[in-house]
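**Student:** We have chain A already, so just place chain B on it with the hints.
Chains A and B are the protein sequences, given in the same order.
Everything in the first sequence is counted per this note's numbering, starting at 6 for the first residue and increasing by one.
Everything in the second sequence is counted per this note's numbering, starting at 6 for the first residue and increasing by one.
Because the hints were derived from the structure by calculation, they are not lab data.
This structure is a prediction, so every number in the text was calculated from the model and none was measured.
One should not assume that every hint holds.
Each pair may be met inside one copy or between any two copies, as identical chains are not told apart.
Quick list of in silico lysine to aspartate or glutamate cross-link-like pairs, DMTMM-like style, CA-CA up to 25 Å [as the list claims (entries may be wrong)]:
no. : residue 1 : residue 2
1   : Lys249    : Glu296
2   : Lys203    : Glu75
3   : Lys182    : Glu137
4   : Lys249    : Asp204
5   : Lys203    : Glu55
6   : Lys182    : Asp50
7   : Lys56     : Asp204
8   : Lys56     : Asp199
9   : Lys249    : Glu55
10  : Lys203    : Asp50
11  : Lys241    : Glu151
12  : Lys33     : Asp232
13  : Lys249    : Glu137
14  : Lys56     : Glu272
Number of protein chains: 2
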Amino acid sequence: METKKQGSRTFALTCPPSVAGWGSVVGKKEGQGPLGRCFGSVSQDSYFGEKTWERAESVMQEQALAQALEQAGQPAGALDALFGGDLMNQCIATSYAARSTGVPFFGLYGACSTMAESLALAALLLDGGFGEWTGAVASSHFCTAERQYRTPLEYGGQRTPTAQWTATAAGAVVLAKNGPGPYVTHVTVGRVRDRGIKDANNMGAAMAPAAYDTIVKDTGRSSGFYDLIVTGDLGKLGQALVVKLFDQDGVELSNYNDCGLMLYDLEDQDVHCGGSGCGCSAAVLTGLLLEGLRSGQWQNILFCGTGALHSPTALGQGESIPGICHAVALSARR
Amino acid sequence: METKKQGSRTFALTCPPSVAGWGSVVGKKEGQGPLGRCFGSVSQDSYFGEKTWERAESVMQEQALAQALEQAGQPAGALDALFGGDLMNQCIATSYAARSTGVPFFGLYGACSTMAESLALAALLLDGGFGEWTGAVASSHFCTAERQYRTPLEYGGQRTPTAQWTATAAGAVVLAKNGPGPYVTHVTVGRVRDRGIKDANNMGAAMAPAAYDTIVKDTGRSSGFYDLIVTGDLGKLGQALVVKLFDQDGVELSNYNDCGLMLYDLEDQDVHCGGSGCGCSAAVLTGLLLEGLRSGQWQNILFCGTGALHSPTALGQGESIPGICHAVALSARR
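This is chain A alone, in the form it adopts within the complex (with noise of 0.2 Å):
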């Protein structure tokens, strides 16, 4: 079995796996934005009727996660594995929620693009003849992210033109062997993209060579064939530089759009550049993509998550941000 060319980084699924259920949550600010009333739940309340922020994201994730198991009408117990992570040091977000559900698990770090890489993993498995029911699952919380990776939240520091806003947001995803749809037809492996960024807000600078990278160079089909490419999260100003690195090849991206844009209200939600964070992709997925896949509005989307592998330490010793992007093809029909 033959599933993809050689040196291609692109595994076309055999057998594609059907998406049985998703779910999102997210915080308040997500769910004023354009995208509200897609989230399967909105909580006010920042702590999520918990004592921490940290413990906050967790509810969240186990949250996202019973909706798209109820959704897929399975018990926790069916999940032959699970795939997440978050942007938490040592991820906590995730293994607290792992703990909770006492599933098999297999715990990721990819960033933002920790969505895309937890359902490309979460395929794979099931397509390669492993069980029967696997998740993925992804989540950031704009008050664990920011006082970890910039500045304390008290301090009130001022914000940069360039920065993008953390979502407070949570996607899982479970996935079957067979089913009615939406498909996983094929994964993109990403690589580790480097053009030397330094600069902590400015991520959609420092992931766009990697989303131009998976975009272009592998996924082995023209970008007319997708009603939607879509990454997450480069925000305005990354989206840019996707497009102008392949108006530079004269390709004309017209079905192009990312999810950093698409979570808030640029103009009247003072989120800068856009949205960012493993939960952003992870709850426009949830929230708007599958929902349309499923209802016909989009028969091929790319769902590319890019992640800056930002790390204050690294960049503390004088190392740029390197970025990475994973791609997952997703179609209505197999």
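**Tutor:** Just chain B now, kept in the frame of chain A:
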């Protein structure tokens, strides 16, 4: 194709991938231990020629992977996917090492279970029909880990009797679809277990329940099948706890050891309860175990990566330390 019984967490690989190459890189102290002569290379310089210990850890991964690729007779470009991780926040040792090789990369976070987690996924991907060559890599460095998880090195804190010594070590493995072995025959996916341990200097106790949960409940073989069951890295206390848990079930684990007890001389090297860190089990696997399978010293080994999903932030908020254990069954013959 049914590769596991329903409700089990063990996948039996249909066409077990062959471990085509392995590499190990350790620091001075590890080179002075009982396995000192087994490793691919030993550095007397904790900086490995770099300006920071964080950069040094990336170099260790690059060197270990280069050894593994050389033994496999393949260039880095042959890898269809590399799975890897480390203990540092945002797993930067791995991200920057993956940047330098430029191969398709899946980032993982599994604390000290990372070598088993990456090996498991690299094997599942190949056996699933995806690609020809995959890689797995993990590392830790005493100087990057201790200051991040506990106290600044300069502080010279007194270590408790239950403490383990984070190994300065990296291990890498290259898998092939076919070859002369040793082979990865089974993978058991871990679950997050937590018995309420809150002592950051007692990781062994935090991980022991997960090791017991994975070894006893799910491998579907009697423990006597294996010439060696090896956990990594519970240390003296954690290992004793696992033995006790089995003892309560009336099972004597006569063939059981722990990488944390194998890497150092506990009497003479002042490591208290033994070794720990992703690099400890990675180096014992790639320095000793795979060689022993190839030479005929052992026929069947159950390699159980144990991780304490420990977070200083979560501990400070009153959380306990969850553990996880992924097991990979290795055999000299298919």
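**Student:** Determine for every hint whether it applies to the structure shown.
**Tutor:** Hints and how they fare:
1. For the identical chains of this complex, Lys249 and Glu296 are neighbours neither inside a copy (30 Å) nor across copies (51 Å), given an alpha-carbon limit of 25 Å.
2. In this assembly of identical chains, Lys203 and Glu75 lie within 25 Å of each other by CA distance neither inside one copy nor across copies; the values are 43 Å within and 34 Å between.
3. For the identical chains of this complex, Lys182 and Glu137 are neighbours both inside a copy (5 Å) and across copies (24 Å), given an alpha-carbon limit of 25 Å.
4. Proximity of Lys249 and Asp204 under a CA criterion of 25 Å is satisfied intra-copy only: 20 Å inside one chain copy versus 52 Å between copies.
5. Proximity of Lys203 and Glu55 under a CA criterion of 25 Å is satisfied inter-copy only: 20 Å between copies versus 35 Å inside one chain copy.
6. Taking identical chains as interchangeable, the C-alpha atoms of Lys182 and Asp50 are never at most 25 Å apart, the minima being 37 Å within one chain and 50 Å between chains.
7. Taking the shortest alpha-carbon separations for Lys56 and Asp204, only the inter-copy value of 21 Å comes in at or below 25 Å, while the best intra-copy value is 32 Å.
8. For the homomeric pair Lys56 and Asp199, the shortest alpha-carbon distance between copies (20 Å) is at most 25 Å, but the shortest distance inside one copy (38 Å) is not.
9. Taking the shortest Cα distances, Lys249 and Glu55 never come within 25 Å of each other, neither inside one copy (44 Å) nor across copies (36 Å).
10. Taking the closest pair of Cα atoms, Lys203 and Asp50 never come within 25 Å of each other, the shortest separation being 34 Å inside a single copy and 28 Å across copies.
11. Taking CA atoms no more than 25 Å apart as the test, Lys241 paired with Glu151 passes inside one copy only; the shortest distance there is 19 Å, against 39 Å between copies.
12. Neither within a single protomer nor between protomers do Lys33 and Asp232 lie at most 25 Å apart by alpha-carbon distance, with minima of 30 Å and 56 Å respectively.
13. Taking identical chains as interchangeable, the C-alpha atoms of Lys249 and Glu137 are never at most 25 Å apart, the minima being 42 Å within one chain and 35 Å between chains.
14. When the C-alpha separation of Lys56 and Glu272 is checked against a cutoff of 25 Å, the pair qualifies neither within a copy, at 33 Å, nor between copies, at 44 Å.
Violated hints, in rising order: 1, 2, 6, 9, 10, 12, 13, 14; the structure is consistent with all others.
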